[in-house]
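Novice: What follows is each chain in one-letter form.
Number of protein chains: 8
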Amino acid sequence: MAEPWSPPPSFAQLDHDRTARRGYPEAVYCAGKTSDQVRAIAAELRERADAATLFTRADPEHARAVLTELPNALHAADAGLLAWPPEPPPTSGGLVAVLAAGTSDLPVAREAELTARYLGRPCELAVDVGVAGLHRVLNRLDLLRSAHAIVVAAGMDGALASVVAGLVSAPVVAVPTSVGYGAAFGGLAPLLSMLNACAPGVAVVNIDNGYGAGHMAAQIAANR
Amino acid sequence: MAEPWSPPPSFAQLDHDRTARRGYPEAVYCAGKTSDQVRAIAAELRERADAATLFTRADPEHARAVLTELPNALHAADAGLLAWPPEPPPTSGGLVAVLAAGTSDLPVAREAELTARYLGRPCELAVDVGVAGLHRVLNRLDLLRSAHAIVVAAGMDGALASVVAGLVSAPVVAVPTSVGYGAAFGGLAPLLSMLNACAPGVAVVNIDNGYGAGHMAAQIAANR
Amino acid sequence: MAEPWSPPPSFAQLDHDRTARRGYPEAVYCAGKTSDQVRAIAAELRERADAATLFTRADPEHARAVLTELPNALHAADAGLLAWPPEPPPTSGGLVAVLAAGTSDLPVAREAELTARYLGRPCELAVDVGVAGLHRVLNRLDLLRSAHAIVVAAGMDGALASVVAGLVSAPVVAVPTSVGYGAAFGGLAPLLSMLNACAPGVAVVNIDNGYGAGHMAAQIAANR
Amino acid sequence: MAEPWSPPPSFAQLDHDRTARRGYPEAVYCAGKTSDQVRAIAAELRERADAATLFTRADPEHARAVLTELPNALHAADAGLLAWPPEPPPTSGGLVAVLAAGTSDLPVAREAELTARYLGRPCELAVDVGVAGLHRVLNRLDLLRSAHAIVVAAGMDGALASVVAGLVSAPVVAVPTSVGYGAAFGGLAPLLSMLNACAPGVAVVNIDNGYGAGHMAAQIAANR
Amino acid sequence: MAEPWSPPPSFAQLDHDRTARRGYPEAVYCAGKTSDQVRAIAAELRERADAATLFTRADPEHARAVLTELPNALHAADAGLLAWPPEPPPTSGGLVAVLAAGTSDLPVAREAELTARYLGRPCELAVDVGVAGLHRVLNRLDLLRSAHAIVVAAGMDGALASVVAGLVSAPVVAVPTSVGYGAAFGGLAPLLSMLNACAPGVAVVNIDNGYGAGHMAAQIAANR
Amino acid sequence: MAEPWSPPPSFAQLDHDRTARRGYPEAVYCAGKTSDQVRAIAAELRERADAATLFTRADPEHARAVLTELPNALHAADAGLLAWPPEPPPTSGGLVAVLAAGTSDLPVAREAELTARYLGRPCELAVDVGVAGLHRVLNRLDLLRSAHAIVVAAGMDGALASVVAGLVSAPVVAVPTSVGYGAAFGGLAPLLSMLNACAPGVAVVNIDNGYGAGHMAAQIAANR
Amino acid sequence: MAEPWSPPPSFAQLDHDRTARRGYPEAVYCAGKTSDQVRAIAAELRERADAATLFTRADPEHARAVLTELPNALHAADAGLLAWPPEPPPTSGGLVAVLAAGTSDLPVAREAELTARYLGRPCELAVDVGVAGLHRVLNRLDLLRSAHAIVVAAGMDGALASVVAGLVSAPVVAVPTSVGYGAAFGGLAPLLSMLNACAPGVAVVNIDNGYGAGHMAAQIAANR
Amino acid sequence: MAEPWSPPPSFAQLDHDRTARRGYPEAVYCAGKTSDQVRAIAAELRERADAATLFTRADPEHARAVLTELPNALHAADAGLLAWPPEPPPTSGGLVAVLAAGTSDLPVAREAELTARYLGRPCELAVDVGVAGLHRVLNRLDLLRSAHAIVVAAGMDGALASVVAGLVSAPVVAVPTSVGYGAAFGGLAPLLSMLNACAPGVAVVNIDNGYGAGHMAAQIAANR
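Protein sequences appear in the order of chains U, F, B, P, X, D, Z and W.
In case it helps, the working numbering puts the first sequence at residues 1 to 224.
In case it helps, the working numbering puts the second sequence at residues 1 to 224.
In case it helps, the working numbering puts the third sequence at residues 1 to 224.
In case it helps, the working numbering puts the fourth sequence at residues 1 to 224.
In case it helps, the working numbering puts the fifth sequence at residues 1 to 224.
In case it helps, the working numbering puts the sixth sequence at residues 1 to 224.
In case it helps, the working numbering puts the seventh sequence at residues 1 to 224.
In case it helps, the working numbering puts the eighth sequence at residues 1 to 224.
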């Protein structure tokens, strides 16, 4: 029944090519893993010279597990993120601007910022620039217009994505957050709002997915 | 089994009180009715001296049915609305400003405008003021700030409601429209966005419900 | 890439204008913030003479953080709200009536009542007036008809909004609550019910958003 | 593989028992069937002496197909229903009251009324008794209180079910209709509202399912 | 603005009429109430001679609060229900059969059973009669066919409601439960399934609403 | 930027292997294609000796396009399916039983039956075996127990899948249909019901996807 | 009213037939049961010689309850599963391959693997074969092609099911997991993705339902 | 009430700056507009020398309206798009690769391709590269790896986005299409799948929004 078939060399090579080309760190998504599983992965990293890795969605217990094996790893508790090695690579490519509509969106924005930074981009974070006070976002026009890629983290109405995209020529990576009252439905409201942004130049990642937003922005702003 | 019970006079009186007090026209929602049913209602109106009435959601066939009985009725085909008698009442109360984010939102905005006008308010309509070009809405700040109530009709991201509410002190009645691509889900996206407006002072009516928005705004701007 | 652009003075002025005009307190939404962040905001307020502020969605820990810095702040634990300064402004404008369909809707109704009061309106609260016993709401007709704006807080079927709107000429601000059995889906049932109110004169705010409802009602009942 | 097994006689008997016991007509749901399929069923009926049958959800083409074979069948075009034989059985059991909140709910209410009548119950229909004008439903209290089962057909907010259940001791069978603006979502709003009725004594059938409501009400009001 | 209006005597009388006629106990929905609120209600009951009352959705803390004031109240912990006075009324009317598809549906079924019993009906409960083993439900045909009203509590596919309704002539009150794996979505799957029951004679109450199901069944089986 | 990379021979070979191994026909999903596109595909087939192909979801215009190029193709209009070459392969493997709960489910069931037959399985179709009359499905136990795979096509409550799975040891492939009243929500109700089948041995394909169901069943019943 | 009817012997026999034929263990779904209920079931098993049983969705407390009565039962804590008797039956039938897209999908995959093994199939589990690195799944082609049935457990995009089905001729049983960020909506995303698999040969079980997937796969791979 | 306020010059300037900087064409979304409105816009364009404009979602009637005024405009009927002036600008920036999973996704993919081309990017389109046959997409690795931005248009399971993102370092703009059977729910299935892509480097635009995808990709691949 089973026919003989060996994976062609090109496949193994495929992945190697990709890692080498990108120079991007691997990511370990901790949320669905036990502390023991996370610790085992961290222990493996200690043995390898060149393995840049981000641990995302790490709760305090996950963090302890990583730090047991990699005591010098960077730990950004507010973003639920650990990075190994702790020093980010030298910056290259264009500026990534990260905007948090409100203070409650900060953890997601920080995850995006750190991810982009550990992929090698220069980053700048601006907080509390929601559209309820337009002057706040308009005050940051110089930042917005100097960026090659912009991450907008916003919950509730998610309106900041449309407003920002209307002001700049750089692509906007919108990340809806689960911040808000009942009918925000855990981020569904800003997700739909951002998908329906009335200004072109907006694309959307998953709810609360700061890692994905930062990664996408870093790819956009890479030198090619 | 059934106990004897006569409706107390106060009930019949109840409704009479209300109509007299409001001086607001009745509304006939045509969408679920046959042309014959609509025509019969129009015929009854002809007999009554004082019955101000709006026919909403009237398709061309509904309109013909009304105009057969009430040839002088006002017919605003773009808003799917007919009014009897054709002359609106004299204006009283504060200004109602009606904003349509884009041209596609115009039918709903017009329904709101005409409703508010037939309830007696002075009205002004501004079109194509979506947030993708902030200068467009900011150019209408004088209008917005002179209004006692503001209707915002917007589809897609519905972001205009938040932006406007952040600029004025008058209450904003937001009406989501079913305009937009797939994930607008027939108006669900702007509905949720408006319910989650990050600026206070926004309340929401049903999708495409220009009549409800205009009615609410007229009540808000009434002299009391 | 980034063009030179300075935020025009009119923007900074914009916000100042708005605050001055409204005389409305700022609101700090505590739900997504750490106690430390909330405390820092409270500490800033202590330094400012004129900053009226409401802390909404404050859990006991948030409350402790505020009271550490502002020991005299009003704390309404049932509504999850703190107010600074503790004295509400003198009343002006029309009466805001707040209705809670059942006892379980009381926290949301109280948040609405206090918000409207701290925005300067006279308020009156009526509880346990659900439509399962019509006489209860009909017994409050005098209250309802003396109000310039009415807040209706109801979960389950949300039917109270329609019934009240059919009895009065004042605008009704409906706030669905997350009270109820399974298919209430966390407030979705009364939200949809209120958006589809068969009587005109109803507009809706977010689920459990007593603050938003009270704010909207206070704006409607303001003297203009 | 297949073990020998003969359906025991008790099964065939099962169905016969049931039909005999109920004396209720069969129902043919036309919506998913071709005209030819419907016509073939009608032709079969012509051959059988005792087969009382309702054709539900019959569009004009379905109706023509039935009437070709059974020219004397009753055809209630407004309810999309045909009945064979055309005469309903003599009435027995208690009164079924059927309420339509508005004119647009009439087709569903009529389907319920006719179904209950063809199952043998005395019926009475009341239209335009929505809660936006409470006096209208209160004017029919005598009808409501003389009924053994009450069908409430309502779209939009579906609030009539709660109000009626609060006024009577008979069970209420609520049938949501797909009447309404956008966020009625094809009847979802009244469906959820009725499932969350704040008065006990309400149970719900499918959206627009007048047949199901009338059937259930007839069963409730049967003499047992 | 507010016209003088006194609640007509008929309203107060309305409620009294209703309570007297029904002889049904009041219900206190504990889920949204604090223990103090529940205890206060219990204390009031102690003062009244004739107030039959059910406390539903009572968690252990709610139960303690009730029992502090009414130590002799019946407490059915498995159903989250307390009854005062503890003795149910003498039975009258027809039999109410309550079916639980599986053991996990038992709490809801028990709530239904006790409610119907405290409204005065004779009741019988059958457990573990899910359709995965048809012989289990067919073994209870004698019970099903002797009942005047049948409550079916089922989660997952909710298929039991259709199967039972196809076997009997009594009305079936279906109560979906929140039992099941992921795509049961908290009871949505059986709710929709039951609303779409392919056999007529099924009406549905809210998810996990054993109280509502038992109440409806008791009304159906009442002597009239 | 782009590195040189040639698709390794193993890939092209991959697909060839697969087609050869399966001996299953290709399928052309017509629904999203123009008649011209479908005709062009049919024309290509004419040139190839060995290309067994099914055209699924073919409306009358699609069918005409195919038959223009392949006049001898089998056309099953009721199932929206065309097959080329017209003769199915000789049967092999176990029996596939296909059940349609009602007449309205027949098009989907027929699509499943024909697909399984054109993949080489012996098939038998049973119609009108819904659970509202249990004797109907129990009368087909011999068929069910002789099958190696069973397809159950049902709309509304989808309960037939659970009932059948409880009676047999063969795997059940359940295909929900979009048949039913409003709250069937285009097949969502039976989809969820089937995913939550209380009997093990049920797996589900997409709504109305008779092709997918027949294909899966044919794979299950294949000789291996 | 109730007609005399005795359950025919064939029914009792029905179930016995089925158990005997299948030789499959019973399953006790622990999630909705108390520890006491689970313990009582375990105690009953101790008395019976031949009762193979799986306890699924057993949390640590459930497990303790089972092990108190059946100390030798197998307990796979990672899969929330206990088996009695502890030794699986001798293997028969074809190979069941179980794939977990990522480490977080492992508990569900393990539940599937153990279920299939306790139904008598030989099993092999492959982890971390998600499509983000195609070489990982392509490296397992020999496993995939030697299997008679394949279980694919995947969260997030659920894309692995389509990719695998495109590579093999065996049927794929897809089980979506609740792993992932916000818009995975508790497994809804992979559920819909798998139902829409672009390759034929995929059928889907409930979210996180490893037991159902393993059972279905074991039935497919059984010798018949 | 309304304070004097003039829009500051900087706003008007804002928009001018933006248009000048981007050199991107304006877009007219035809779907919600009448033919007369579209024609009026086209007529205005005729008067302006430099106004590059795309008309998107143009049905045949919209197209006729545009061509009446601008007979030389490019009309791509398959993409529902017209462009004025007809010649795209000279290419600049990196390559945009556009992938259509199947033929049915072609209209959306073409809209993306043409949009990117009219924004000035070189483009290449590859069709029929769905993951059901991995060799098809792997055969296009050279194209994928030479692109600066990749648009993936796919319906059904949307799995192509994850697979492509795992093979390249360029950002992937995913556009779900409304192609597919019932539980695709008009594009919801691929939308959720793409938002949950298991490979980083994917961001998503609205369902069927080829224009938005092409615009975003063109911005990403621009020279900066």
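The hints are simulated quantities; they were obtained by calculation from the structure and are not laboratory data.
For clarity, every value in this text was computed on a predicted model and none was experimentally measured.
Treat the hints with care, as some may be off.
Stated by the list, open to error - One side of the interface only, derived from the structure: several residues of chain U facing chain W at Cβ under 7 Å:
no., residue
1, P88
2, V127
3, L195
4, H215
Stated by the list, open to error - Beyond 10 Å from chain P on every Cβ pair, some chain D residues (computed):
no., residue
5, A43
6, A49
7, L125
Said to hold, decoys possible - To list a few chain D residues with every Cβ distance to chain W over 10 Å, as calculated:
no., residue
8, A31
9, G32
10, P60
11, P86
12, P122
13, G133
14, S146
15, G186
16, I207
17, D208
In this text, a Cβ means the ideal position worked out from N, Cα and C, and glycines have one as well.
Novice: Could you let me know if the closest chain W CB is still more than 10 Å away from the CB of P122(D)?
Specialist: Its Cβ never comes within 10 Å of chain W, the nearest being 26 Å, so this holds.
Novice: Quick check for students: does the CB of A31(D) sit more than 10 Å from each CB in chain W?
Specialist: At about 7 Å from chain W, A31(D) fails to clear the 10 Å cut-off, so the statement is violated.
Novice: Was G32(D) rightly flagged as not at the interface, with every chain W Cβ beyond 10 Å?
Specialist: violated (3 Å)
Novice: Looking at G186(D) again, its CB stays over 10 Å from all of chain W?
Specialist: violated (6 Å)
Novice: Beyond 10 Å on every Cβ pair: is that true for P60(D) relative to chain W?
Specialist: At roughly 19 Å from the nearest Cβ of chain W, P60(D) sits farther out than 10 Å, so the non-interface label holds.
Novice: The hint names L195(U) as touching chain W; please verify it with the least Cβ-Cβ distance against 7 Å.
Specialist: holds (5 Å)
Novice: Restraint: V127(U) near chain W, CB-CB cut 7 Å. Satisfied or not?
Specialist: Result: violated, 22 Å to nearest chain W Cβ.
Novice: Should the interface hint for H215(U) be scored as holding, given a Cβ-Cβ cut-off of 7 Å against chain W?
Specialist: holds (4 Å)
Novice: Can we trust that A49(D) is non-interface, i.e. its beta-carbon lies farther than 10 Å from all of chain P?
Specialist: Fine: 37 Å to the nearest Cβ keeps A49(D) off the interface.
Novice: Holds or violated: is the Cβ of L125(D) farther than 10 Å from all Cβ atoms of chain P?
Specialist: At about 16 Å from chain P, L125(D) clears the 10 Å cut-off, so the statement holds.
Novice: So is D208(D) really clear of chain W, every C-beta pair being over 10 Å apart?
Specialist: Non-interface label fails for D208(D): nearest chain W Cβ at 5 Å, not farther than 10 Å.
Novice: Does G133(D) clear chain W by more than 10 Å, comparing its Cβ with all Cβ atoms of that chain?
Specialist: holds (27 Å)
The earlier numbered hints that this structure contradicts are 1, 2, 8, 9, 15, 16, 17.
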